[in-house]
Amino acid sequence: MKEYPGDEEWSETIGYLAHRDKFITHFVVTAQPREMDNKFNHGRDPMNVQVLGCDGTVIKTAARVNPTLYLMKGAVIQKKWSWADFKKVPQTGGFKSLTETFK
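In case it helps, this note's numbering puts the sequence shown at residues 24 to 126.
These are calculated hints, taken from the structure and not from any lab test. One thing to keep in mind: the hints can contain errors.
[Unchecked claim] With a straight-line Cα cutoff of 25 Å, these simulated DSS-like cross-link-like pairs (lysine-lysine) come out:
id, residue 1, residue 2
1, Lys103, Lys45
2, Lys102, Lys83
3, Lys111, Lys83
4, Lys45, Lys62
5, Lys110, Lys62
6, Lys111, Lys62
7, Lys96, Lys45
Model, not experiment: these values are computed from the prediction.
Work out the full structure, taking the sequences as your base and the hints as a guide.
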């Protein structure tokens, strides 16, 4: 995320996906790592996601929308979803089946 927009709905959706798909490693990449670490890892329902800091311009260039969810396989983006499409992220039986869905 380039900056924390303060919208509780998207963070609840991310929390839901992180808890639902525990077999997938989740990362939060943000220009505000302390705030996001507190939000995702030190709240009433910690998710234990890795929070990575990055320059906001780099994030804007890659994401184009705040926030954006990526499915990665190593350094390759397999699929990405903007906030408007978060609820379309499929539930799957694991990373392999998730990547098979988007071939």
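Here's how the hints hold up against the structure:
| no. | hint | result |
| --- | --- | --- |
| 1 | Lys103 to Lys45 | holds (18 Å) |
| 2 | Lys102 to Lys83 | holds (17 Å) |
| 3 | Lys111 to Lys83 | holds (22 Å) |
| 4 | Lys45 to Lys62 | holds (18 Å) |
| 5 | Lys110 to Lys62 | holds (21 Å) |
| 6 | Lys111 to Lys62 | holds (23 Å) |
| 7 | Lys96 to Lys45 | holds (16 Å) |
Every hint, counting from the list given before, is met by this structure.
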